[in-house]
Amino acid sequence: MNNSLWTVMSFTMRNKLRSKGFIIMTVVLALLLVVVGNLPYLIEKLSGGSGGATKVGYAEGQQAQVVEGLKSYYAKLPEPGVELVGIASEEQLKSSLENGDIKGYLTFQEDAAAGFPKVTYNSKNAFEGGTSFSLTAALQQVKYDAVLEDAGLTDAQKAQLYTPVSFQTQKVSFTNEKGKTEAEQGIAIALTYVMIIMLFMAVMITGQLIATEITAEKSSRVMEIIVTSVSPLKQMWGKILGTFLVAMIQIVILVGALVANLTLPHNSDILKGFGFDLSSIDPLLLIYAVFFYLAGFFLYATLFAAVGSIVSRTEDLGQAVMPITMLTLVGFYIAMFGLNQPDSTLMVVCQYIPFFSPFLMFLRIGLAEPAWWEIALSIGILIASILAIGWLSAKIYRVGVLMYGKRPSMKEIVKAMKAYKV
Amino acid sequence: MNPLKVDRIIKNYGDKRAVNGLSFEVAAGEIYGLLGANGAGKTTTMRMVLGLILPDEGGIRYLGNPYSEQQLSMLGYLPEERGMYPKIKVSEQIMYLAQLRGMSRKDADKNLKQWLEKFQVPEYYNKKVEELSKGNQQKIQFIAAVIHKPKILILDEAFSGLDPVNVELLKTTVKELRDEGTSIVFSTHRMEHVEELCRNITIMHRSNPVLQGPIKEIKKKFPQERVVVAADGKIEGLDTIPGVRQVTLHEHGGYELKVDSPDAGQRILKHALDQGPVNRFEVLEPTLNEIFIKTVGESHE
Numbered sequence: 001m002n003n004s005l006w007t008v009m010s011f012t013m014r015n016k017l018r019s020k021g022f023i024i025m026t027v028v029l030a031l032l033l034v035v036v037g038n039l040p041y042l043i044e045k046l047s048g049g050s051g052g053a054t055k056v057g058y059a060e061g062q063q064a065q066v067v068e069g070l071k072s073y074y075a076k077l078p079e080p081g082v083e084l085v086g087i088a089s090e091e092q093l094k095s096s097l098e099n100g101d102i103k104g105y106l107t108f109q110e111d112a113a114a115g116f117p118k119v120t121y122n123s124k125n126a127f128e129g130g131t132s133f134s135l136t137a138a139l140q141q142v143k144y145d146a147v148l149e150d151a152g153l154t155d156a157q158k159a160q161l162y163t164p165v166s167f168q169t170q171k172v173s174f175t176n177e178k179g180k181t182e183a184e185q186g187i188a189i190a191l192t193y194v195m196i197i198m199l200f201m202a203v204m205i206t207g208q209l210i211a212t213e214i215t216a217e218k219s220s221r222v223m224e225i226i227v228t229s230v231s232p233l234k235q236m237w238g239k240i241l242g243t244f245l246v247a248m249i250q251i252v253i254l255v256g257a258l259v260a261n262l263t264l265p266h267n268s269d270i271l272k273g274f275g276f277d278l279s280s281i282d283p284l285l286l287i288y289a290v291f292f293y294l295a296g297f298f299l300y301a302t303l304f305a306a307v308g309s310i311v312s313r314t315e316d317l318g319q320a321v322m323p324i325t326m327l328t329l330v331g332f333y334i335a336m337f338g339l340n341q342p343d344s345t346l347m348v349v350c351q352y353i354p355f356f357s358p359f360l361m362f363l364r365i366g367l368a369e370p371a372w373w374e375i376a377l378s379i380g381i382l383i384a385s386i387l388a389i390g391w392l393s394a395k396i397y398r399v400g401v402l403m404y405g406k407r408p409s410m411k412e413i414v415k416a417m418k419a420y421k422v
Numbered sequence: 423m424n425p426l427k428v429d430r431i432i433k434n435y436g437d438k439r440a441v442n443g444l445s446f447e448v449a450a451g452e453i454y455g456l457l458g459a460n461g462a463g464k465t466t467t468m469r470m471v472l473g474l475i476l477p478d479e480g481g482i483r484y485l486g487n488p489y490s491e492q493q494l495s496m497l498g499y500l501p502e503e504r505g506m507y508p509k510i511k512v513s514e515q516i517m518y519l520a521q522l523r524g525m526s527r528k529d530a531d532k533n534l535k536q537w538l539e540k541f542q543v544p545e546y547y548n549k550k551v552e553e554l555s556k557g558n559q560q561k562i563q564f565i566a567a568v569i570h571k572p573k574i575l576i577l578d579e580a581f582s583g584l585d586p587v588n589v590e591l592l593k594t595t596v597k598e599l600r601d602e603g604t605s606i607v608f609s610t611h612r613m614e615h616v617e618e619l620c621r622n623i624t625i626m627h628r629s630n631p632v633l634q635g636p637i638k639e640i641k642k643k644f645p646q647e648r649v650v651v652a653a654d655g656k657i658e659g660l661d662t663i664p665g666v667r668q669v670t671l672h673e674h675g676g677y678e679l680k681v682d683s684p685d686a687g688q689r690i691l692k693h694a695l696d697q698g699p700v701n702r703f704e705v706l707e708p709t710l711n712e713i714f715i716k717t718v719g720e721s722h723e
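Protein chains in written order, with the numbering used here: chain B, 1 to 422; chain C, 423 to 723.
This is chain C alone, in the form it adopts within the complex (with noise of 0.2 Å):
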């Protein structure tokens, strides 16, 4: 049985819909991604996921159970807006959000203890969350969302406004997380992000789950339509070449081309062998980026 598992919700807001029968299941350590452009649903999805509204129709089940106050402490939710109480201690607020999700003020200290380690940032414990970097409050959050290891997680834009060394290391926190069998409901805009970490994904659009399934069966019913090809020197006509709708040279050398079908990268790979070596060549998979922009997009006025 999945931890998670929501079944056709549909939430109105006075005559506005803002979900519309929706469902997806999220298994023990996966991590789903749920995207959607602003406004698409989105906050409410999680916020029914999280119990602070009620679906009007269609239900929600944790481990197979319903929503109840037990549920709260094995949900964990990292919002997409961050904030903790500015002039408080870093160990105080944690662990007064630990309890308040049922540890103990011991486990939770020792949790914490262990946490601030492993980012390497054991001397917060008795700084306020004013005196961190926005960055470090970052963490902080994200240790506030994980210490009382719940089963089901929620992150809204993990990773925004992060560096990239930060990000890595939360992604790598993640991944860790998803390999000790928690089932993690993923939100961001950063498809990369979502190309590399989760299994299956909803694309919401106003309202509606317009894109749903594996990331890789959603990819095959794309077309593969870009194709990068790069020699020494110059290749000549690439345009000539039937089944080609643009070209575009590249900064760095080679050229990127748009193909009605795949079958044109291998017309594409002749033509450019004729004129002397290929140091590269390769047929794109579309990125996630272009699909969720294809289908977002394109019904945008």
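Just chain B, same shape as in the assembly (with noise of 0.2 Å):
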């Protein structure tokens, strides 16, 4: 008779996938996602398309030898972020600045202390970062030549001291033999901050949706047929499975959106030049991904349905999910500082706890280096937990939509579990 889970499952997808809340809401996510995938490509369009140059004034004859230090700096690099325009007297700067002729303009100030005239930069806009850097980082150039010209340095000394600091970073790992390169840790913390943020949602939403559904049905008091038509916990499960797919097949949705704009060829370059290659991704990392986004999503799912099935006015629900939430939000935060210090004592602990292990363990996976018995045995106690709790639930499940009036204390249920011999 598992025809009968198969029928509860495709009747919970088919009025899920027909509702028009359901496709509204993934058409929407997948624009917007189009729209995200397509994000580094509009950035560059954008900052790169405004016109070249930011256009800087300055008064002429002002601080002739800094200016001239500033343009012949802007003149070597092959793009330079900003253009300095002459302009006849100071008085005229600030209303070219008003008439758009320049997006803002330079006034020295002489400092005889430093050797170094203090510049301040005046534009419409304080936050001005990229302009103000950029000539922040000219300045500084104009004045190291400015003190290494009395130094007497050679030109092969000055290219010396001018080249930077070669400094990288790379993880050590025990257990292959090459540790994680910059780019792959890179793509492992995205890998791990989508995963959470993702199970987050699906807990969070579908969860809510199965308890909901559960409740209207038993509000509706379908529930009294249905449970004279097949056994409680087929019921319960065709309906966590059938909503499941549907999460899926959104979630396929909106991540092939995603994927397939970000692979396309002006995007992918750009992600490549931040270090971003999403080829480079540990296919065991999936799996990983994969695993612990499922487990974590039965476990929290037969818990809703528990909760769903002990409250009989969808009023009272909100209340009775409390406690489910809660443990979400907490592994979710647990999750978040832990991407900063995957391998603090409380992640080592926290990993083991099967609420917050689906965040956790994941996270240390791809952020850290756990011991093959630290995954092991999280994963042990994981299933051993869904287990449990799914067959709790299901016990819950079997007086819960049987009981109505007011919520059940935990006693009653007990005692009706022991009443209805289940």
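The hints are simulated quantities; they were obtained by calculation from the structure and are not laboratory data. Treat the hints with care, as some may be off.
[Said to hold, decoys possible] Listed next, with one range per pair, are the computed distances between beta-carbon atoms:
#1 B:I197 to C:R527: 35 to 45 Å
#2 C:R612 to B:Y333: 55 to 65 Å
#3 B:R14 to C:K540: 19 to 29 Å
#4 C:M423 to B:R14: 32 to 42 Å
#5 B:L32 to C:S490: 48 to 58 Å
#6 B:K20 to C:D531: 56 to 66 Å
#7 B:Y193 to C:N487: 52 to 62 Å
#8 C:L485 to B:P323: 54 to 64 Å
#9 C:R439 to B:V330: 42 to 52 Å
#10 C:R527 to B:I189: 29 to 39 Å
#11 B:Q319 to C:E503: 16 to 26 Å
#12 B:K20 to C:K540: 29 to 39 Å
#13 C:E503 to B:I381: 38 to 48 Å
Using N, Cα and C, we set each Cβ at its ideal position, and we do this for glycine too.
Got two chains here, each in a separate frame; can you build the complex from them with the hints?
Written as structure tokens, this is what we have:
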């Protein structure tokens, strides 16, 4: 009679997939992700496409040496971010800024102690980050040049001085011979982040959905007919699996939209420039991601189903699922904290707690280097608790669906379980 | 062998006994009345018959077999509290429920169309349940209970909330199902329906079956205590006849008398005839309603 499990599943799926809310939400989210997927390209296009260099004005004749230095610095750059524009007099600077001829202008103030004038960049917007960084770097260079000119260094010595220090970080790995490169590390962090957020959302949205649907079935009393047609266990799992598959379909559509756009040539080149290469994802990490995602989902889904079954009215549901929501939130926030400190004691302890381990164990596998037995122990505990909680939830579900009226207390549920002999 | 055999079932909820040693059998093509005041244990009994909860003691046999998942497909259930998925099309949810009972989608679809045709509402096929009136929702729910042609059908307050036309329609349908050989357990508070439909009944009171058997025999056990007599004019001195306890004048003429024993009826008739022609005289059997109130009500404190 596995037919009935399939019947419940397909009924759940059909109704979800057909509902307007679901379709609209998926389309909107997919469009959003298409935009996000093209973000690297758009950012580049927008920042590069705003008429080339920012025009910065200066009063002609003021600090001619510094201005000349700046001009020659920007002339050497392949893509100068700043173009210096000479304006006849200091008074006209402000009006040119107002007209929009220039984006900002420089004023100088003699500073005898430093041996270099104080420079102020005046612009309409106080947060012209890019331009001021560029100008600061340029001015520093001009200052070096001015000082070094007097020191009598050779050009070779100057070049040596300007060469930046070579510095790289590499994570040491003990299980496989080669450590992760920075690119792999970056991808691992990104994947961890994505997985944790997806799991969190799946649990919150899908879990709530399962609970709501069960309570709705109960409050509309369809439940009375359903429980007499199919065993409650099958019904519960049919519901969970059906909702899960719908969530999967949605995720595949959304992730597909994102990845398809990210791998478009114009985007992937830019991402590679940032050290992001989607093909450098460790396949083992992906397997772990899928496993912990599934484990986390089913652990919470059965709990939500159990809670949904003991509540008679949808109005009471929010309060009843609160403890589970709290658990998810705690797991999520520990994970957020752990992104920076994957080896802290809190993480090492919490990776064994089943409600948190889907978030935390995966995070540690991605970002730290847990020993094999840590992974095995965590997975073992997780699987054992999924089975235990699934079993317990099924029992609660069995009695919960027949109990109407006010939300029963723990004691009443236990009593009912004894009475119903489940 | 009777399709449904309930044998001395006992069910306790904690220290409270919900059903105490109830036995009954329902033959093929029989409607069995299960009566009782609210909280008498009817719902628990029906839940046990449906296999939702197991009896602590005693057993229930379906065509001679004990309860198992295989029996589910031959059970049909119309719960007292009506409910369907409000936002889902009639066809969609009836087919779902039918499939859960082990029917194929195709057969379910065919049966559903026949049933809608029978209830003269074929246009509901593609409607959402929330768009239908309460009475029509009830028809749909009735279809959901019988679409898989159950051998054993449990109807809990099947006709409540329906207008007289629809009550008649459903009653006819229930009778048809009975004539096709379905065993029906029927629970209601409307005694006239029980009198019309049921052959045997059980009246439950506080978890105990207090009155059981064929309606005819049950009625014989209760004395005939009511006499109706009517003439064109007034009948004087009815209350002076020995054995008459109470006289009520009916709104549309005629008197209803409560008597101690059936033979008081003859004295009443004679007395009335002495005063002129009588156009109505009847010694009434006790109604089930009276029997129910007597059985259940008397022990109420």
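Outcome of the hint check:
1. B:I197 to C:R527: 35 to 45 Å: Given a distance of about 39 Å, which is inside 35 to 45 Å, the answer is holds.
2. C:R612 to B:Y333: 55 to 65 Å: For B:Y333 against C:R612, whose Cβ atoms are near 59 Å apart, the range 55 to 65 Å holds.
3. B:R14 to C:K540: 19 to 29 Å: 27 Å, holds
4. C:M423 to B:R14: 32 to 42 Å: 41 Å, holds
5. B:L32 to C:S490: 48 to 58 Å: Given about 51 Å between the Cβ atoms, the range holds.
6. B:K20 to C:D531: 56 to 66 Å: 25 Å, violated
7. B:Y193 to C:N487: 52 to 62 Å: The hint (52 to 62 Å, Cβ to Cβ) holds, given that B:Y193 and C:N487 are roughly 57 Å apart.
8. C:L485 to B:P323: 54 to 64 Å: 46 Å, violated
9. C:R439 to B:V330: 42 to 52 Å: 45 Å, holds
10. C:R527 to B:I189: 29 to 39 Å: 49 Å, violated
11. B:Q319 to C:E503: 16 to 26 Å: 24 Å, holds
12. B:K20 to C:K540: 29 to 39 Å: Holds - the Cβ-Cβ distance for B:K20 and C:K540, about 33 Å, lies within 29 to 39 Å.
13. C:E503 to B:I381: 38 to 48 Å: Holds - the Cβ-Cβ distance for C:E503 and B:I381, about 42 Å, lies within 38 to 48 Å.
Consistency note: the structure conflicts with the earlier hints numbered 6, 8 and 10.
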